Amino acid sequence: MISLAEAAFVLLALVAVVTAAASLLARELVHTIMWIAVFFVDLALVYFLLDAPFLGVLQLGVYAGAVTVLLLFGIMVTRKRIFSREAATGIGPVPVALALLTFAFVVTAVGELPGAEAAPQGYDPSALSATLFSTDGAWVLLLGVIMLAGVSGAIYLVREGRG
Amino acid sequence: MNGLSEVGFVALSAALLAIGLFGILTRRNFVLLLVAIEIAMNAAILNFVYFAAFAPTVPGGLSGQAVAVVLVGFAATEVAVGLAIVLALNRAKGTINVAEATELRL
Amino acid sequence: MGLAGTRLKRLEWGGWLAVGAAGFAMVLGVLIGVGEAASPGSWTNRQMLWLHLQPSGPFPNGFSLVMGTLVDPLSALMLIVVTVVGFLVLLYSIGYMHQDRGLPRYYAELSLFLASMSALVLANNLLEFFLFWELVGLCSYFLIGFYYDKPSAASAAKEAFLVTRVGDVMFLAGIFLFFDLYSGAGPAGLGGWAANGFVFVHNGTPFLAGSMSSSTLATVAGIMILGGAAGKSAQFPLHVWLPDAMEGPTTVSALIHAATMVAAGVYLLAITSVFLGFTAFDDLLIVAIGGFTAFFAATMAVVHPDIKRVIAYSTISQLGYMVLAVGAGFSSVGLYHLFTHAFFKALLFLAAGSVIHAVGSQDLFKMGGLRKSMPLTATAFAVGGLALAGVPPFAGFWSKDDILASVYSQLGAHPDYWPFFVLAFAGVFLTAYYIFRAWFLAFSGDRSRDPALPHGHEGPWTMRVPLVVLSAFAVGAGLLAFLPGMQNLLLRAPGIPPTYDTTGILISATSVGLAGAGILLAWLLWGNGRVFELPAAGPAQAGRRVLLQRYYLKAAYDWVGAKGVYTVARAADFLDRYVIDGTVHGFERAFAALSDRLRRMQSGFVSDYAAYVVAGLVVVFALLLVVAPFVLDRIGGG
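Protein chains in written order, with this note's numbering: chain A, 1 to 163; chain B, 1 to 106; chain C, 1 to 638.
Since the hints were derived computationally from the structure, they do not count as laboratory data.
As the structure is a prediction and not an experimental result, all values here were calculated from the model.
For each residue, glycine too, the CB sits at the ideal point set by N, CA and C.
Keep in mind that a hint or two might mislead.
Unchecked claim - So the derived list for chain C, only partly shown, Cβ under 8 angstroms to chain B, looks like this: (1) 568; (2) 607; (3) 610; (4) 611.
Given these sequences and hints, build the entire structure.
Listed below in structure tokens is the structure:
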């Protein structure tokens, strides 16, 4: 008898794969955005399933919120008509082969790592914030630096006066 | 906690990565390129999350989630920069077809 | 080396300079020769070390190259021949060649030849000998092709060079083989032959005489040396170049192709026989080739219409006699004949030259009655002819009969010499016939056969004096052998001087009889302006054609050369063009294509670069997941 969690996981996994593929293969750009939004929400649900609620909320907020809107802005600003077709490139054998190979290798590699038999376990969000400001504080600082660099770069790239 | 096995997550993450790579390799539209990158990044973040869940006794088990948090931030930044590039490219060439952007000089 | 003549002339009067130098050389040569004759070994030999390798690896006794002179009886004898005949020919040239252009080149080349030939006979080691051998061949090439704008002359020069080249290669191989044979051995305390620079004589004793083994290697070495000599001395089957060499000026033919260069081959055989040694098989081969050539060449001389070519075939034939003598073990007798032959053959050539100079043609069938207008030349030619035929008391009689007697004396021990002895004996008849056929055709009768022929006249004194001097030698040279001095020069070997026991007298009488018969036949057919016509159809004509065509041998060589060598050349060219060049160009094209492909990697497309990244990732994965465990397995388990 499959447990509820397992069934949920299978469903969520399927949705994730389908929406990801769909968003890439869609004809209309706006459809891409819609599919990817569903994908992000789906991933957030996966995180909830893994007993990482903070991350799930974060995913919803940042990805399903900000990133989706950003992508939409990108389309709006650069396209004269929102609903336009974009020609897709041919799908040659090389990319498919490479993708499949990557899949195979990753599965093999990661599957050999220790701890594959344990049961999942969740954490208290307070414990998470505790580590974020102590053991993993370096990561946060790094994030700050990266963000700063990114924002400056973005501003630079879009400023007027450049040819 | 409830019969979830890691293998499924491994497969999911790998599959998403593959899809993302596929998208990077084949899409000509810059925005679609960004989308594909996002898919791949999410696969990576997913990795961290389920490692944290399934291997708590390994040193730094909780750090997996912490890192995942940080990675989400990274991803967002990167989308912002990508968008800036899209705008700049569009201004220069009037298109967002990456095939047009073959020279280092815009 | 002091006899090296001066080299290049630039001015017209350079001819006299050349003659003066040759005269000086002659004086020196005769002095040396006479001195040697009086007391052998009286001249000190000089030598200098050119290169010396310490004993090591392949050279157990070390290895040397020397340059030096050796004045021993044989070389002194040759020196006299070379310098005297050389001087006379050069003197003659002044008169003969005075109308030709390119004279400075002529005198320069002739002087170079004289120098090289002198050095050749004075060489004290085999390598130096070979060096001057080649040099002499080179001069021959120059001089045969002197009239270089005549295509026949140019090709004759090439032919001479190439055919003798075949011989030279064999000679060189022979040198290597002898080196291999004797590099370790040698008289005790003196080290190996090669360690002493291949010298022939050391402190007065021949280096190797008697230490020869009769192994296969020695036999092959001997054959190689024979090959070299056969090439230079125009013996069968390398004789084809000499008749064609008559394209050169007659003086050249006289000096080089009658008296000296072709004699170098015989000299080489004599030297080898005395100092290095031939095995029994080699001796048989030498006898065979010599005897066969003597007869073979004479047959071709009997029908030829060109006066110079008749004499050329005669040279080949007489060289055959000399080779025959060396093969039978009588090197000294062979050299004796070489000595006399040089004089009377040069005489014949110069006399022919006098005729050609006067009437402008070489065709015997156009000439006639010239004895009236050119009495001196006619007499000179007759004297030479008598000497050649072997009529006493002329020079050829003594030396040729000596050869025949010596070979006969060996027939008991070597019954397989018989056929060649017979051939040589028969050659006597033919010799007398063909040379007097020439004389009768040219000089007897009342008028020329061709009315358009210019009248004969004698040449200037520069041409007449050599004729007279050579005639004297043609008469007397044979008798010199009875002088003790001369006998010293000829090493006092058996057969020197000619002795006459019963068999000897019988042989001589027979040969003189044959000679007389030959002269008679010639007179019958050609004397007094008669022309002997063979029946127009029939076997005689076919036979004549065969002889004229030199037994189609030349044609065969040409065909072999054209088909065989040309095919090889074509194959080599194909190889060069398609395989070698193809490989080089193939590399070129491959690299260009490769670089072109690689260049396309820089496409500028992001997706392409991404693809490369992913591909690299896949490769790394593959290495880590597949290859590494595999390798570790092997290392760990093995």
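So, going through the hints one by one against the coordinates:
1. 568: 57 angstroms, violated
2. 607: 5 angstroms, holds
3. 610: 5 angstroms, holds
4. 611: 5 angstroms, holds
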